[in-house]
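Enquirer: Sequence:
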Amino acid sequence: MTGRIFYFLFMLQDGGLNNLVNYNPAEIEERWQLQWEKEDFYRSEIDHQQTKYYVLEMFPYPSGKLHMGHMRVYSIGDVLARFLRMRGYNVIHPMGWDAFGLPAENAAIEHRVNPAIWTVENIKHMKKQQNRLGVSYDWRREVNTSAPDYYRWSQWLFLMMYKRGLAYKKKASVNWCESCNTVLANEQVEKGLCWRCSSVVETRDLEQWFLRITEYAERLLNDLNKLEDWPERVKVMQHNWIGRSEGAEIVFQLKEFPGEEIRTFTTRPDTLFGVTSMVLAPEHPLVKKLVEGTEQEKEVLDFVSQMRRVSEIERTADEAPKIGLFTGRHVINPVNGEEVPILIGNYVLMAYGTGAVMGVPAHDQRDFDFARKYNLPVKVVIQPAGEVLNGDTMNEAYTGAGEMVNSGEFNDLPNHAGMEKVTAYLEQQGQGRFQVTYRLRDWLISRQRYWGAPIPIIYCDGCGIVPVPEEDLPVELPLEVELSGNRVSGLAHYESFTRVKCPTCGREAHRETDTMDTFICSSWYFMRYTSPQCQDAPFEKEAVDYWMPVDQYIGGIEHAVLHLLYARFFTKVLYDAGLSKADEPFSRLLAQGMVYKDGAKMSKSKGNVVTPDEIVEKYGADTGRLFILFAAPPEKDLDWSDQGVEGCHRFLRRIWRLVIDCREQFATGQGGSIYSTNEETLERSVHAAIKKVTLDIQERYNFNTAISAIMELVNAAYAYRQVAAKEEQNQSHLKDALQKIILLIAPFAPHLAEESWHLLEQKGSVHRQTWPEFDPQKLILDEVEIVVQINGKVRGRVTVPAECTEEELAQFAKSSERVGELLAGKMIIKVIAVPGRLVNIVVR
RNA sequence: GCCGAAGUGGCGGAAUUGGCAGACGCACACGACUCAAAAUCGUGCGCCCUCCGGGCAUGUGGGUUCAACUCCCACCUUCGGCACCA
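Read in order, the letters of the first sequence are residues 467 to 1310 in the working numbering.
It cannot be assumed that every hint is accurate.
Cross-link-like lysine-lysine pairs, in silico, DSSO-like; alpha carbons within 27 Å at most [said to hold, decoys possible]:
1) K1072 to K692
2) K518 to K593
3) K518 to K721
4) K1084 to K590
5) K1296 to K593
6) K1280 to K1259
7) K504 to K594
8) K1280 to K1296
9) K1102 to K1047
10) K1007 to K1047
11) K1280 to K1157
12) K1072 to K1047
13) K845 to K788
14) K1084 to K518
Beta-carbon label-pair distances, calculated as ranges [to be verified]:
15) P969 to E804: 37 to 47 Å
16) G759 to P944: 20 to 30 Å
17) P697 to E862: 33 to 43 Å
18) A1066 to S711: 34 to 44 Å
19) G866 to V902: 16 to 26 Å
20) V1300 to H1224: 45 to 55 Å
21) E804 to E765: 22 to 32 Å
22) S955 to E765: 42 to 52 Å
23) A1268 to K1007: 49 to 59 Å
24) N647 to P787: 29 to 39 Å
25) K1047 to L1161: 28 to 38 Å
26) S1107 to G1135: 40 to 50 Å
27) F723 to E875: 36 to 46 Å
28) K1229 to L1161: 24 to 34 Å
It should be emphasised that the hints constitute simulated quantities derived from the structure, not laboratory data.
Note that CB positions come from ideal geometry on N, CA and C, so glycine has one too.
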């Protein structure tokens, strides 16, 4: 009983000292966050005297819930922003909201809440969560893509593209997601499934709006070379996606319809003499005419309509067998006059090339499989050296290099030269030409959804497609949302919205009722940040030219092709329109890895979710930030470890204790002014740490090793206090070390650093200090320990003067006692001396 | 199939220009402090052996070199992207 009371008294006493003695992140962090907010502490303005630096993290969809992935990106971006500010850059570090999208509509259905209100509420909540992380955003630049003053300019940009011929409407076979009730761009279909909801994507023939991104294919591809600081894998993905192929377009005349022709694209014009079939896509416009009146007509048309019902994904699936049907018609080979049968094949895609493929079974595996199945002749026209191919007996196509055979005047040419020669010949005959084809298709941007930016177009019976005049923008979404069945009604449902007078002739007309793909809104937001209040243009020219391009962009790899390709396209269009001087949006890209726990992605169903909120509450934001940056380099996947978090928290407490203890010690004036080995070692640790932390952040973006360097410095400070008695400690050296520790940790743990800075009675904010410089002189040692190897194996160590020559070094090595023993009776063949590192003695 | 990235202790990860493999942290063990525990501070910690010494170790097998996690060749595994693209 007595013991228990004693215990309580003890706790009370401890609690009384709590504020000053114990590290209390909850209190410190909130206090500084309020202070920073009050002062607009992280605002940025154009200043031509300073070098600008644009740090940007991909803005989030305001789901209302901040997860660890978010915390990781923001932590990475914030360290860079804070570091660069201390390095003297004029840093812009904005944040905003990619606020259009389906979840807002779902919320409307489930909770009967207006998407606009739901979105604004979520933004409020998420912003609070972000601020609790201590991120240094200039909130005056915040943008919300679903706000009329933002989407007004998305619409304006659409019209600009329309006027430049880059936006057009066409009927096409498009991707349709039944579950999302809307069409999708090609980039938004992953392995045949909707990127957002993973339902199977079907094809439908619909009239839709497209942006002519293919017009920019060549530049989007070539300029990847300019992006030296982009991860290779992202560039490769974009490269593959654009899918450039060089070859020839070749014109075949129809035998049965003189004057009619079929155009085909091939990458192998050198194999033209080996053509034994012409295969058309089922959707090819000539199919109907070809079979009209033939005995194959019914069978072919049935096949075509059957193919139309199957999705492209199914048709092109791995296992799908090649199916072909003869049309009864023929084309004439332009180089040798041979008659070649025309077939319809399920494996030929209307959307790629011309929708017609010349079949060369001897030299193309697909054509080979097709030919064997339908007994088409296999004609060898490329002969590899040292091997004789026989079309009747070969088991697979030969696709390698060789000499041309059976090719008339082109015989004996190496096939590579043949490609050019054949193409040139065709061009001369007016039967073909050199051609580049891309896999990339135009960007389908209409969405049959309510919660998006309305496409600013009016349809008039008299005038046709009429763009909404600029002064009438924005075309605002109707505010009162109606539900029809299980869905938010599309815009077609609101008569007040659709009914409009034609801006050209004034007669009754109606509005386009589709909204734009949300990727449009995120394709230019980084420019809007430069002047978010701009009223008469998407952004001010001066501001965009000062701040753009983004110097460092940070975000998830999942946008490698989607957002990052679209944003590059928009940037180039804006550049061409003279609106901005940047022709690439992001100079440097960091694709951060995912956050895992127990070997799996964090998910509710697995029950392995850790939220930023709970970490901030339990340990504080500084600990969370530190762990997330320490656990792995930013581009690698990260394994969440509760014990690792504890370790980082321990480290921050270790710094805190050092500050508190030293503060007390400084106050009492204990200590001396000796400068000997201990002080020298401490000082060297300080400069070594500054060097490593600076280079790790600046050059390598390896925050994990930067943090470990700070840990080493803190360990060195503890060691110093351990070796020397308090009276003997050199206060000014200790204080200097402590200050440097605080400055170095400031980008990582901004609150702890700020509080410590003030506890040491330093002036101003730690975040407005200049980043410490290291003195290379302080890193030079008088004596160094050198490893002595014999035949490459470590056999001893010697301490030698740092400045000694290779010869001296070799002498020192040989003269050491142990090495001498080992060398006895051996013949020295060679001695390699590397100053500062090692000596290797090669003996026999 | 093509393209890309990566394989290092019990774990996360270091090794920046070919020069002591395993920094830093976690976990673990021991010691100090404590009546005790926590916290803290300190020490140890790749594997193996005949343990004041030595051998083996960076996915596997070769090679270059005085010296290889690092460079070259071949292969294995994992992850990611593209894939009847003519």
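Enquirer: So, for every hint listed, does it hold in this structure?
Expert: Consistency of the hints with the structure:
1. Restraint check for K1072 and K692: the C-alpha separation of about 42 Å exceeds 27 Å, so the hint is violated.
2. The hinted pair formed by K518 and K593 meets the criterion: a straight-line CA distance of about 25 Å does not exceed 27 Å.
3. With a CA separation close to 67 Å, the supplied pair K518 and K721 exceeds the 27 Å bound.
4. With a CA separation close to 23 Å, the supplied pair K1084 and K590 stays within the 27 Å bound.
5. At roughly 67 Å between alpha-carbon atoms, K1296 and K593 are farther apart than 27 Å, so this suggested pair is violated.
6. With a C-alpha separation of about 15 Å, the suggested pairing of K1280 with K1259 holds against the 27 Å cut-off.
7. With a CA separation close to 15 Å, the supplied pair K504 and K594 stays within the 27 Å bound.
8. About 12 Å separates the Cα atoms of K1280 and K1296, which keeps this hinted pair within 27 Å; it holds.
9. The suggested pairing of K1102 with K1047 is violated, with an alpha-carbon distance near 33 Å, which exceeds 27 Å.
10. Taking the CA atoms of K1007 and K1047, the gap is about 9 Å. The hint holds against a cut of 27 Å.
11. The hinted pair formed by K1280 and K1157 fails the criterion: a straight-line CA distance of about 34 Å is larger than 27 Å.
12. The hinted pair formed by K1072 and K1047 fails the criterion: a straight-line CA distance of about 48 Å is larger than 27 Å.
13. Pair hint K845 plus K788 holds up; C-alpha atoms about 20 Å apart against a cutoff of 27 Å.
14. Taking the CA atoms of K1084 and K518, the gap is near 37 Å; set against the 27 Å cutoff, the hint is violated.
15. A C-beta distance of roughly 58 Å is found between P969 and E804, which places it outside the suggested range of 37 to 47 Å.
16. One distance hint, 20 to 30 Å for the beta-carbon pair G759 and P944, is violated here, with the actual separation near 54 Å.
17. With their beta carbons about 36 Å apart, P697 and E862 fall inside the hinted range of 33 to 43 Å.
18. Checked against the hint of 34 to 44 Å, the C-beta distance between A1066 and S711 comes to roughly 39 Å, which is consistent with it.
19. Range check, G866 to V902: about 23 Å between beta-carbon atoms, so the 16 to 26 Å window is met.
20. Between V1300 and H1224 the CB atoms are about 48 Å apart, so this pair conforms to the stated range of 45 to 55 Å.
21. A hinted range of 22 to 32 Å holds for the C-beta pair E804 and E765, which are about 25 Å apart.
22. A hinted range of 42 to 52 Å holds for the C-beta pair S955 and E765, which are about 44 Å apart.
23. Between A1268 and K1007 the beta carbon distance is about 57 Å. The supplied range of 49 to 59 Å therefore holds.
24. Checked against the hint of 29 to 39 Å, the pair N647 and P787 passes, with Cβ atoms roughly 33 Å apart.
25. Between K1047 and L1161 the beta carbon distance is about 31 Å. The supplied range of 28 to 38 Å therefore holds.
26. For the pair S1107 and G1135, the beta carbons lie near 43 Å from each other, so the given range of 40 to 50 Å is met.
27. For F723 and E875, the Cβ-Cβ distance of about 29 Å falls outside the hinted range of 36 to 46 Å, so the restraint is violated.
28. K1229 and L1161 have their C-beta atoms about 28 Å apart, which keeps the hinted 24 to 34 Å range intact.
Checked against the numbered hints above, the structure breaks hints 1, 3, 5, 9, 11, 12, 14, 15, 16 and 27 and satisfies the rest.
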